[in-house]
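So you can see what is in the structure, the chains are spelled out below.
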Amino acid sequence: MSVSVDTGGKGGKKSVNADLYLVPYIDLLTCMVSFLLITAVWSQLARLEAHQKGQGQAGEDTPPEKQFKLVVVVNDEGFNVVADQDQQPIPKKGTEYDYEKLGTELKKLKDAHPDKGDVQVASEDQIKFEILVRTMDTALTARFPDISLIDAGGAGI
Amino acid sequence: MAIHAPHSHLYNSVTLETAKAKLTHAGRKSLDAPLNLVAYIDMMTMLVIFLLMSFSATGEILFVQKNIVLPNAQNWAELERAPVIGVSKDVVTLDGSQVATADDLMKDSNTGDFKITELHDKLVTLKNNYKLLHPGEEFNGIAIIQSDKGVEFKVLKKIMYSCAVAGYQNVNFAVIPKTKAAGGAE
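Protein chains in written order, with the numbering used here: chain A, 1 to 157; chain B, 1 to 186.
Some hints could be false.
[To be verified] Chain B stretches covered by chain A per the calculated footprint, using a threshold of three residues with CB under 8 Å from any CB of chain A: (1) 11 to 20; (2) 31 to 43; (3) 47 to 54; (4) 62 to 69; (5) 143 to 149; (6) 153 to 164; (7) 172 to 179.
These are computed hints drawn from the structure, not numbers from a lab. All C-beta atoms, glycine included, are put in the ideal place defined by N, C-alpha and C.
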C-alpha cells in the first residue's frame, strides 16, 4: 500500500508526457534496412516459355493425331498464319511487322477453336530475336499458352 | 561607504540556500540533450516499406550482361533456377563461360548438323549432375536463353537444337517484363 502526499505544486496535476524508449525500435529498423538492401534485386527479369517439337532426340513420340494445326510463319515479308490448309498472309506495315493484325487473326482462330492451346512459331534464319519474342507474346495474348519455336524449313509448309 | 565588486542582487533576501538555488537557476544544468528522432524513424520506416515491397524471395537468378539488350514482353512468368545460356552478338556463354563465338554459329555447317559440341557436352554434364543431386525428382529440362534482341534466329536455332539434343526441351527466353498499360502506350 502506498501513500501519496499531495505536494500542492501546480495544482497536483501529473505530467501526461511519457518518454518512449526508441532504441530497440531503431535497432530493428536498421537491421531490416541492412538486410533488405543486401538482398535487394534491382534488375527484374522474367521469362517467356517456348517448347521445341520435332528437334532433338527427346522430341514428342506420341503418334500424330489428326489435329487442327496452327503455325505462324515469320519471314521478311511479314507473317503467314497457317491454319490447316488455310493461309492468311499478314504483310508488314512499311518496315514494321503488323502485330495488331496478327493478334486479331489469332483471336479469331481461338474463338473458332476454343480448345486449341498450342501454336507453332516458324521462323526463317534472318529474323531477329526481338521480332520472335513479340510474335510469341502476341500469341500468348491471344490465349495460346503452349508455344513452340521451330525453323520455318522444318515446319512442313 | 565601502565599495563592493558588482554582483547579482536578486533574491538576496532569501536565506534558505536550496530555495535560493532554485530561484536563481544556479543548480547544475543537465548534460542530456534530447534528440528529435521522429524524422529519422519516419525515414527508416518508409525505407523498410519500400524495400519490403520490392523484395524478391527467389533472389537474383540472372545478371544483366553489358553487351546483351533483352527484349520486352507482356506475358511473362517468374524465372526459375536453370542453366543460363547468354547469347550476345559476339559470343555464346553457358553460366558465364564461353562455349562458342557468333562467327562460328553464323557459318553454314557442312554436315548439316546444328549441334554446338561444347555447349552440348556442358549441358549433358549439368543434366547428369542434377540427376545425381536430385535422385527422387524428375528432370524438368529447362534452360534459360538470355539473348540480345538483335541476334538472328540462325544462331538461336543452333543453340536450341543443342539444348534439345542434350535433353533440355523446355527453353525459356529471358525478357524484361512490361506491364500491359506500358505496352499499350507504345
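Here is how each hint holds up against the structure:
Only residues whose beta carbon comes within less than 8 Å of a beta carbon in chain A count, and the region 11 to 20 of chain B has 0; fewer than three means the coverage is violated. With 3 residues carrying a beta carbon less than 8 Å from a beta carbon of chain A, the region 31 to 43 of chain B meets the three-residue requirement, and the given coverage holds. Counting residues of the region 47 to 54 of chain B whose beta carbon lies closer than 8 Å to any beta carbon of chain A gives 5, which meets the minimum of three for the stated coverage. Remark: the region 62 to 69 of chain B is confirmed as covered by chain A, as 3 of its residues place a Cβ nearer than 8 Å to a Cβ of that chain, reaching the required three.
Under the rule that three or more residues need a Cβ within less than 8 Å of chain A, the assignment of the region 143 to 149 of chain B holds, with 4 such residues. Given a C-beta distance limit of less than 8 Å, the hint that chain A covers the region 153 to 164 of chain B holds, as 8 residues qualify and 3 suffice. Coverage of a stretch by a chain is defined here by at least three residues with a beta carbon nearer than 8 Å to that chain's beta carbons; for the region 172 to 179 of chain B and chain A the count is 6, and the condition holds.
Violated hint for the displayed structure: number 1, the only one.
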